[in-house]
Structures are given as C-alpha cells and as structure tokens.
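*Asks:* My request is simple: use the sequences and hints to build the entire structure.
If you read the sequences in order, they're chains X and H.
Counting along the first sequence from 1, when you hit position 41 you're at 41 in UniProt numbering, and nothing is skipped either side.
Counting along the second sequence from 1, when you hit position 298 you're at 298 in UniProt numbering, and nothing is skipped either side.
Simulated from the structure, these hints should not be mistaken for lab results.
Please read all numbers here as calculations on a predicted model, not as lab measurements.
Even glycine gets a Cβ: it sits at the ideal position worked out from N, Cα and C.
Any given hint might turn out to be false.
Said to hold, decoys possible - With a cut-off of at most 30 Å between alpha-carbon atoms, the simulated DSSO-like pairs for lysine-lysine come out as follows: (1) X:Lys18 x X:Lys88; (2) H:Lys230 x X:Lys18; (3) X:Lys88 x H:Lys245; (4) H:Lys248 x X:Lys18; (5) H:Lys230 x X:Lys88; (6) H:Lys146 x H:Lys230; (7) H:Lys245 x H:Lys230; (8) X:Lys88 x H:Lys248; (9) H:Lys230 x H:Lys248; (10) H:Lys309 x H:Lys245; (11) H:Lys309 x H:Lys248.
As the list claims (entries may be wrong) - To spell it out: a stretch of chain X is covered by chain H in this simulated footprint if at least three of its residues, at any positions, have a beta carbon under 8 Å from a beta carbon of chain H; those stretches are: (12) 5-19; (13) 28-34.
Unchecked claim - From the derived model, a few chain X residues whose C-beta atoms are all more than 10 Å from chain H: (14) Ala43; (15) Leu50; (16) Thr53; (17) Ser55; (18) Gly58; (19) Arg66; (20) Ala76; (21) Asp77.
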Amino acid sequence: MTAVLTPDSIPRLARGMKLREDTARGQWVVLGPERMFVPDEIALEVLRLLDGTRSVDGIVDELAARYAAPRGEIAADVASLLRELAEKGVVQA
Amino acid sequence: MNAIIQPSDRSPGPPPEPPLALLAELTHRCPLRCPYCSNPVELTRVAAELDTATWARVFREAAALGCLQVHLSGGEPTARRDIAEIVRAASEAGLYTNLITAGVLIDAAMMARLAEAGLDHVQLSVQDTEPGSAERIGGYRNALPKKLACAQLVRDAGLPLTLNAVVHRQNLDRLPEMIALALELGAGRLEVAHVQYYGWALANRDALLPTRAQLEAATAEVTRAREDLKGRLVIDYVVPDYYAKRPKSCMGGWGRRFLAVSPAGRVLPCHAAESLPGFDFPNVREVSLREAWENSEAFNRFRGTGWMKEPCRSCARAEIDWGGCRCQAFALTGDAAATDPACGLSPDHALLDMAVREAAASEGDFTYRVMGAAPQKA
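*Replies:* Written out as structure tokens, the structure is:
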C-alpha cells in the first residue's frame with residue numbers, strides 16, 4: 001500500500017479492483033468497493049498492461065514501441081497516470 | 001398524491017439510462033437492533049423472503065440490464081443460510097459482489113465459503129470503538145470483539161475490507177479512534193456515514209442528531225485524515241442533511257443510477273421508498289427487473305425533472321441534486337413531491353433547525369428496532 005512508484009515497481013490493480021467490460025454502455029470500467037472508474041483510452045491501455053510481472057519501465061517500453069513516440073514523454077505520462085491511479089486506490093505497487 | 005402527478009406532462013422519450021448498481025436486501029432479520037436501522041419500520045418476516053433461485057434470476061436480470069455491482073445487504077445478509085449460494089449466483093452473473101454485514105455471525109468456515117463463492121469485497125459496520133457503547137448502540141452483547149474477529153477473517157481470506165462507521169451524537173467524538181481502527185484492521189476504505197433520518201432513525205432523532213460543534217470537528221478531522229492518509233485509506237464522508245444548505249443528490253436521482261429489491265421482492269428506487277404512501281411497487285415475482293426499471297409507474301413518477309414543483313422546477317441545480325430525497329420530503333412535510341427540506345430554498349427548511357434545537361435539549365435514550373412493532377414516536 002504505497003503511492004510511490006519507481007521505474008522498477010511492478011504495479012498491479014489494487015486488491016478488490018477489477019477491470020471488466022461494460023457491454024450495456026460499450027465501455028471498460030474498473031470496479032471497486034462502491035466505486036467505479038471509467039478509464040480513458042490511454043489509461044485503459046496502461047491498465048491492460050498490468051499483468052503482475054511488467055515493471056513501470058516495461059510498460060513504458062511497450063507503449064513506446066507501439067506508438068513510436070519519444071520514450072521520455074511516454075515515461076512522464078505513464079508515471080503521472082499511475083500516480084493518480086494509486087492515489088485513487090486503483091493501482092498499487 | 002395522484003392529483004399532483006400528471007403523466008401527460010411527461011414525453012414518452014427514450015428508455016432511461018441503465019442502472020449501475022443493485023441493492024439486494026436479502027432479509028430484514030438481524031441480530032443487532034440499531035436505533036438508526038435503515039430498514040422500513042414494518043419489517044418483512046422470513047416466510048415472505050425470496051428464495052435462492054429467485055435471487056439468482058434477479059442477479060442475471062440486473063447484469064443484463066446494465067448493473068455492474070450488487071450490494072448484498074439486509075438486515076444481516078449472513079442470517080440467510082444460503083448466503084454463499086447467493087454470492088455465487090451474483091458472481092456468476094458477472095456482478096461485483098459486495099457484502100454489507102454486521103459481521104457477528106461470520107466464522108472462519110463461512111468466510112471461506114463466501115470467498116470461494118466469488119465474493120469481491122466486505123463492508124463491515126462498527127457501532128463505536130468503545131466496547132460498552134458499541135454494545136449499547138447495536139443492542140447486542142460483545143459486538144465489538146466479534147466484529148474485530150470478523151475483520152481479521154476478511155483479511156485472512158485476502159478480501160478487501162471497508163469499515164462502515166455510522167456516526168451520530170453518541171459516537172461522533174470518537175471519529176479519530178474510528179479512523180485509527182480502520183488502519184489497524186487493514187481496511188482500504190472507511191465510510192463515515194452520518195445517520196439518515198427516516199424510519200427507525202427518525203423515531204430516534206432526538207437521541208442521535210449531532211451538535212454543530214461535533215459536526216465541525218468531525219468534518220475537520222476527515223479533511224485532515226484524507227490528506228495524511230492519501231494512498232493508504234480512502235475515506236468517504238456522508239454529511240448530515242440537518243446542517244446542509246443544499247440537499248444531497250439522493251440515490252443520484254430517482255430511478256437514474258440505482259435500484260433496490262426488498263426481501264419480499266419489491267423493486268424500489270431506494271431502500272427507504274416503501275415509506276412513501278400511494279405507491280404500487282413492482283415485484284420481481286411478477287415482472288422482470290427491466291420492466292420495473294423502464295416502464296413502472298413507481299420508477300417514472302419522480303424520474304427526471306418533469307414532476308418537480310417550485311423552487312426545484314426553475315432551479316439551476318435541478319439536474320444536480322434532483323430535488324433531494326423523496327423520503328425525507330415526505331417524512332418532514334407530508335408531501336413526497338415537495339422540495340427536500342434540507343435545501344435552504346425549501347419553504348420547510350426551518351423544520352431542520354427546529355429539530356436540531358429539540359435534539360440538543362433531549363436525553364439520549366433509544367427506541368430499539370424490533371420486528372413486528374413499529375416505533376411509538378416519530
């Protein structure tokens with residue numbers, strides 16, 4: 001239970017959080033105790049990469065390869081996204 | 001009542017948005033007797049409760065309708081012998097399953113069965129952190145130690161835990177201890193819920209309403225703790241209507257986000273809606289959940305803004321707070337279509353200040369919840 005994620009951290013969905021498809025509304029949602037988050041496209045992509053083995057660095061590598069975008073920019077985006085999700089209790093290291 | 005409602009005012013329009021969550025009130029039976037119980041004052045007996053198969057069908061219908069979560073509640077949901085089968089049915093329907101429990105009936109074997117059945121989360125109530133007070137408020141011997149044992153079982157099962165502290169004048173001063181307890185028990189979330197004053201709680205309002213000084217201290221404590229505990233403990237805080245200037249968006253609006261099914265199968269826009277007169281609520285024994293949600297008169301009556309009178313009708317906040325709470329409007333003004341008196345713009349707003357003054361001058365005795373006996377005063 002920490003909000004601090006380093007490049008080596010292996011982030012995963014926090015205990016009790018589930019990513020699932022919401023077919024009635026045509027979207028994906030993260031479900032938690034009395035909570036629901038609708039991730040935007042980028043957040044959804046990051047959440048899908050949380051497989052319990054990939055580090056923050058690994059996620060950045062994967063996205064940089066997928067989008068052929070500057071790694072530094074992606075790293076900053078991923079870090080701030082994960083920080084936000086950790087503060088909301090969606091993600092933990 | 002019916003004279004106020006003119007169905008012709010409402011255009012047929014598209015079907016309503018699907019609900020997000022189902023509150024399944026599995027039973028009204030409960031070993032505790034909390035004087036603020038949110039169950040109706042006329043409690044349903046065991047013989048009238050829906051059976052396992054019917055609940056399983058309700059869960060499938062809820063998921064198909066668009067519900068994502070189910071809150072298994074009561075009464076005490078674990079008072080049902082089939083609770084694990086019910087959890088399994090909800091989980092198999094694809095719903096996120098949340099058990100709302102007092103915890104005193106759960107032993108290690110039951111927790112193992114619940115976890116194995118696919119339970120996603122447990123919300124455990126605590127009446128107080130001081131054992132004697134907890135025992136008195138819940139009307140149940142040795143309640144606190146049993147709850148602490150239950151919290152440990154939840155943790156051992158690897159399930160996430162929310163601690164639910166219902167707060168009022170007689171325990172609000174111990175909010176810092178409640179926050180500390182949530183951390184000690186490994187809860188990821190603490191719900192600090194001020195009592196909502198309908199039904200049993202309305203009968204006990206004088207004994208329960210906090211003072212303004214208590215409320216201000218509590219709000220400051222929550223604000224401080226939220227900042228200090230960011231990333232460790234999520235604190236949800238429900239402020240009491242009696243000190244509000246604007247009403248809460250009750251249930252996120254009538255028939256907009258939530259539906260409840262009572263132990264006897266009635267489909268309700270909120271769990272307290274049976275306190276409203278002049279309603280014929282649909283029953284899952286007779287109609288599908290979709291039919292109840294989309295087409296029943298009960299769900300359409302206060303849906304949207306077409307039913308509103310002034311000051312709600314022309315208010316810029318009409319689609320923010322949806323007129324507040326219908327049950328509170330009825331309980332305090334006798335008119336379920338009135339503006340919630342919690343709103344400063346309501347002509348009845350002074351009723352709340354009067355209640356606060358009366359409560360401040362009264363003793364703290366409780367009228368406990370009992371099956372088959374409605375409270376004497378209201």
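*Asks:* Take the hints in turn and mark each one as holding or not.
*Replies:* How the hints compare with the structure:
1. The hinted pair formed by Lys18 of chain X and Lys88 of chain X meets the criterion: a straight-line CA distance of about 14 Å does not exceed 30 Å.
2. Straight-line distance between C-alpha atoms of Lys230 of chain H and Lys18 of chain X comes to about 21 Å, which keeps the hinted pair within the 30 Å bound.
3. Note on Lys88 of chain X and Lys245 of chain H: the hinted pairing holds, with a Cα-Cα distance of about 28 Å set against a maximum of 30 Å.
4. A hinted pair counts as satisfied when its Cα atoms are at most 30 Å apart, and Lys248 of chain H with Lys18 of chain X qualifies at roughly 28 Å.
5. A distance of roughly 8 Å separates the Cα atoms of Lys230 of chain H and Lys88 of chain X; the hinted pair therefore holds under the 30 Å criterion.
6. A distance of roughly 29 Å separates the Cα atoms of Lys146 of chain H and Lys230 of chain H; the hinted pair therefore holds under the 30 Å criterion.
7. Between Lys245 of chain H and Lys230 of chain H the CA atoms are separated by roughly 28 Å; this keeps the pair inside 30 Å, and the hint holds.
8. Restraint check for Lys88 of chain X and Lys248 of chain H: the C-alpha separation of about 23 Å stays at or below 30 Å, so the hint holds.
9. The hinted pair formed by Lys230 of chain H and Lys248 of chain H meets the criterion: a straight-line CA distance of about 25 Å does not exceed 30 Å.
10. Taken as a hint, the Lys309 of chain H and Lys245 of chain H pair is honoured in the structure, with Cα atoms around 19 Å apart against an allowance of 30 Å.
11. Straight-line distance between C-alpha atoms of Lys309 of chain H and Lys248 of chain H comes to about 18 Å, which keeps the hinted pair within the 30 Å bound.
12. Closer than 8 Å: that is the beta-carbon criterion, and the segment 5-19 of chain X has 4 residues meeting it against chain H, so the requirement of 3 holds.
13. For the segment 28-34 of chain X, the stated coverage by chain H holds: 5 residues have a C-beta nearer than 8 Å to a C-beta of that chain, and at least 3 were required.
14. At the 10 Å boundary, the C-beta of Ala43 of chain X stays outside the reach of chain H, the nearest C-beta of that chain being 18 Å off.
15. At roughly 17 Å from the closest C-beta of chain H, the C-beta of Leu50 of chain X stays outside 10 Å, upholding its exclusion from the interface.
16. Distance to chain H confirms Thr53 of chain X as a non-interface residue, since its nearest Cβ pair spans about 19 Å, more than 10 Å.
17. In this structure Ser55 of chain X is separated from chain H by more than 10 Å, as the shortest Cβ-Cβ distance comes to about 19 Å.
18. Every Cβ of chain H is farther than 10 Å from the Cβ of Gly58 of chain X; the closest lies at roughly 22 Å, confirming the non-interface assignment.
19. For Arg66 of chain X, the non-interface assignment is confirmed: its Cβ lies about 29 Å from the closest Cβ of chain H, beyond the 10 Å cut-off.
20. No beta-carbon of chain H is positioned within 10 Å of the beta-carbon of Ala76 of chain X; the least distance is around 20 Å.
21. Interface exclusion of Asp77 of chain X from chain H stands, the closest Cβ pair being 20 Å apart, more than 10 Å.
No hint from the list above goes unmet by this structure.
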